[in-house]
Amino acid sequence: MESTFLGINTVHFWTYLFLAGVIFLFMFMMGAVMSWSERKQSAQLQDRLGANRAAIPLPFGKKLAVLGFINNLADALKCLVKENFKPQTENKVIYNLAIFFAFIPAVLSVAVVPFAGVIKPAELFQAWYLKWVPWLPEYFAANLPDFSFRLQVANLNVGLLFIFAVGGINVFGAILAGWSSNNKFSMMGGMRSAAQMISYEVSMGLALLGIIFIYQNVDIWNLVQGQSELAWGWLPKWGIFLQPLAFFLFLAAAVAENKRMPFDLPEAESEIIAGYFTEYSGFKMLLFMFAEFIEIVFVAIMVTTLFFGGYSVPWLMADGFHFPWGATLALSHASVVLLQVFSFISKVFFFCWLLQQIRWSLPRFRYDQLMHLGWKILLPLAILNLVITVIIVALGGF
Amino acid sequence: MSYQIPGLPDMEYMDRQKRTFLTQIYYREVARGVWITTKHFFRNMWKWMTFRKGGVVVQYPEETRPDMSPNNRGRHVLVQRSNGESRCVACQMCGTVCPAECITIEAEESKNSTIQRKPKVFDIDISRCIFCGFCVEACPVDAIRMLASTENLVGYNRFKMIYDKDTLLNWHPVVNDDVVHGYNP
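Taken in order, these protein sequences are the chains called A and B.
When we follow this note's numbering, the leftmost residue of the first sequence carries the number 2, and every step to the right adds one.
When we follow this note's numbering, the leftmost residue of the second sequence carries the number 4, and every step to the right adds one.
Excised from the complex, chain A in its bound form:
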C-alpha cells in the first residue's frame, strides 16, 4: 500500500499539495476581501456608504452590485487593460523582479501556520454532514485507517525563524522597486521603507523572543499546542495572557512592517506620490497593493497564532469541551476540526478588522516620530519585557 512519488508517500504528497492549494486560495480570497473592506469599512466608519455603483446589469432593470464587490472586479479589469507603462530604466529585470520580492513572501510565510489540529480523514468523513462524497469515507476507512495529518502546509521545526527569514526578503521588494524605477520619489520611498522595516524588525523579533522563551519552542505547531494548555485549570495559556506587553509591541511593529497607515511613510501620497511603486502601473501596481492586503491578513494570522492561541478554542480537547467547572460536551472529530478552523478564521477576521480600523483612524507619523517610536520606545520596552520574561522563566514560573 506504500506507493511513493519522488520519494514521498503518494497520499501525503497529494494531501499536502491539496492543502497548499487551499491555503493559497484562502490567502487570495482574503486579499480580495480586504481590498473590498478597505473601501466599505472605511466608508462605514466615516459615515459614508462606500463603493456601491459598479454593477452587473441583469434583465428587468435589476442590477447586481453585491455590496460593492463588483467594484473590485471592475478595478481588476481596468488594471488589466491599462497601458503597461515602462519607465526608462536600465534594470528591466530588477524592475520586474521587485514585484515578486514584494508579493511572494506574503503568501509563502503562511505555509508554516497551522489552521487546525490533527486531522484523521478516516474519522473526519464519518460525520453526517461530510458524507456528500460517498467514496471518500469508504476509501479512507478501507485503505488508510491510521492516516492523519496536520492542517499545516509545511511542518518545519523552525517555523518562527522561517517566517522572519521570509519576511526579511520583503524589504528587498520595496528597495529594489524604488531603486530600479529610476525615479527620485521611488528611491526615497525605497530608502524609507528599508530604514523603517529594519528598525521595526528588531523590536518585533525581541517582542517575540519572550514568546519563544515561555513556550521553549520556535516550532509554530508546538507554540499553538503550548497555548492550548490551561493555567490553573481554567485560563488558556494564550500569549496575550502570558505576554500582554509583547502583544502590543508586536502589533505596533507588525503594522509598521506592513507599511500601513500610521507608518505608511514609504508610500506617503502627499509627500512622494506613491513611494516605491510610483513607476508601476496597471496590474503591477495591483500586485503591490494585493501584496499589502495579503500582508495585513498575514499580520492578523501571526497575531492570532502567537498571542490568541491560533486555532485553539478554550477548553476544547480532541474529544469535545471540558469546561473548568466540570461539565463536558462530547463532540465528533469533524465537529472539533470545524470548530478549530472556524475559531482560527474568526480570530483572523477580527484582527483584519482591527488593523483596518487602526489604518483608517490615524494620521501618518512624522519621520522623527517613527524613528522615536521604533528605537526609543518599542525597543527598550521589548528588552524590558524580555528581561522580565527570562527572569520569571528562570525562576520556574509558568
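No lab work stands behind these hints: they were computed from the structure.
Since the structure is predicted, the reported quantities are computational estimates derived from the model, not experimental observations.
Take these hints with a grain of salt, some might be off.
[To be verified] Here are the computed lysine-lysine pairs in the DSBU-like style, where the Cα-Cα straight-line distance is at most 35 Å:
hint	chain 1	residue 1	chain 2	residue 2
1	B	K163	A	K79
2	A	K238	B	K42
3	B	K42	A	K64
4	B	K56	A	K64
5	B	K163	A	K83
6	B	K163	A	K63
7	B	K163	B	K114
8	A	K63	B	K168
9	B	K50	A	K64
10	A	K64	B	K168
11	A	K63	B	K42
12	A	K93	A	K79
13	B	K21	A	K377
14	A	K41	A	K63
15	A	K377	B	K42
16	A	K79	B	K50
[Unchecked claim] Computed beta-carbon distance windows for the label pairs:
hint	chain 1	residue 1	chain 2	residue 2	range
17	A	I241	B	I39	21 to 29 Å
18	B	M48	A	N158	37 to 45 Å
19	B	R161	A	D76	22 to 30 Å
20	A	F165	B	I39	30 to 38 Å
21	A	S149	B	T41	55 to 63 Å
All residues carry an ideal CB built from backbone N, CA and C; glycine is no exception.
Given chain A's structure and the hints, the job is docking chain B onto it.
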C-alpha cells in the same frame, strides 16, 4: 515652548497639548482614536443590519435632499406666455452673461409684431452649467427661472444632458409651487 514678548508676562500663546509619557508612547491616544471610529462603525453597521441607511450620504439620482433650501438654484425652466409660447425674446443677454457659456440661442422672427424676436433654438448644456443664476438675473423679461428642485439632472450620455427649448418650456415640476418659489432675485 513660549515666546517672550517684551512688556508682556511670560505665557503660552498657543493651546499646546502637554506632552506626557502616555501621549508619547501613542498607545492610549491610538486607542482613543480607534474607539471613536469604532463607535461610528458599529452605529452605521447596526443601521445597515436593521435595513436603514448607515451614513449621511444622499444617493443622488434616486434620492434628493428633503431639506433643500427654497432659494436653491436648481433646474432651469422657461416661463410660458398665456398662449403657451416662451416669454423669451432671444436678446442673448443670458448667453452673454453665462460664465460657463452653456446657453445656445438662435433667434427667429416672431409673427407677433409687438415682440418681433423669439428663440428658434434655446439649448442649455446642463453638464456645463455651474448654476450661478446669472442668466436669471440678466433676463429683462423674466423668461428664465431656476427651480429649487435638482431632480434627475443626470445622464449616461453628455448629449442627453443638453436640454432643448421644448424640455425647458414644458417641464412640469412635481410641486407646482416650485415655479413660484423658484430662484428669482
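Hints and how they fare:
Proximity of B:K163 to A:K79 is assessed by CA-CA distance (about 26 Å); at most 35 Å being required, the pair is judged to hold. About 31 Å separates the Cα atoms of A:K238 and B:K42, which keeps this hinted pair within 35 Å; it holds. Of the pairs offered as hints, the one joining B:K42 and A:K64 holds, with about 32 Å between alpha carbons and a cut-off of 35 Å not exceeded. The suggested pairing of B:K56 with A:K64 holds, with an alpha-carbon distance near 19 Å, which does not exceed 35 Å.
For the proposed pair B:K163 and A:K83, the alpha carbon gap of about 28 Å is at most 35 Å, so the pair holds. Simply put, B:K163 and A:K63 have alpha-carbon atoms about 22 Å apart, close enough for the 35 Å limit, and the pair holds. Restraint check for B:K163 and B:K114: satisfied, since their Cα atoms lie roughly 31 Å apart, inside the 35 Å limit. Distance restraint check for A:K63 and B:K168: the Cα-Cα separation of roughly 33 Å lies within the 35 Å cut-off, and the hinted pair is therefore satisfied.
Straight-line distance between C-alpha atoms of B:K50 and A:K64 comes to about 23 Å, which keeps the hinted pair within the 35 Å bound. This hinted pair checks out: A:K64 and B:K168 have alpha carbons roughly 34 Å apart, not beyond 35 Å. Straight-line distance between C-alpha atoms of A:K63 and B:K42 comes to about 34 Å, which keeps the hinted pair within the 35 Å bound. Our distance criterion of 35 Å between C-alpha atoms is met by A:K93 and A:K79, whose separation comes to about 24 Å.
Distance hint between B:K21 and A:K377 is fulfilled; the C-alpha atoms sit about 19 Å from each other, no more than 35 Å. Restraint check for A:K41 and A:K63: satisfied, since their Cα atoms lie roughly 22 Å apart, inside the 35 Å limit. Taken as a hint, the A:K377 and B:K42 pair is honoured in the structure, with Cα atoms around 32 Å apart against an allowance of 35 Å. Taking the CA atoms of A:K79 and B:K50, the gap is near 33 Å; set against the 35 Å cutoff, the hint holds.
Between A:I241 and B:I39 the beta carbons are some 24 Å apart, a value that agrees with the proposed interval 21 to 29 Å. Roughly 43 Å separates the CB atoms of B:M48 and A:N158, a value that falls within the hinted 37 to 45 Å. A hinted range of 22 to 30 Å holds for the C-beta pair B:R161 and A:D76, which are about 24 Å apart. A beta carbon spacing of about 35 Å between A:F165 and B:I39 agrees with the range 30 to 38 Å that was offered as a hint.
At roughly 42 Å, the beta carbons of A:S149 and B:T41 sit outside the given window of 55 to 63 Å.
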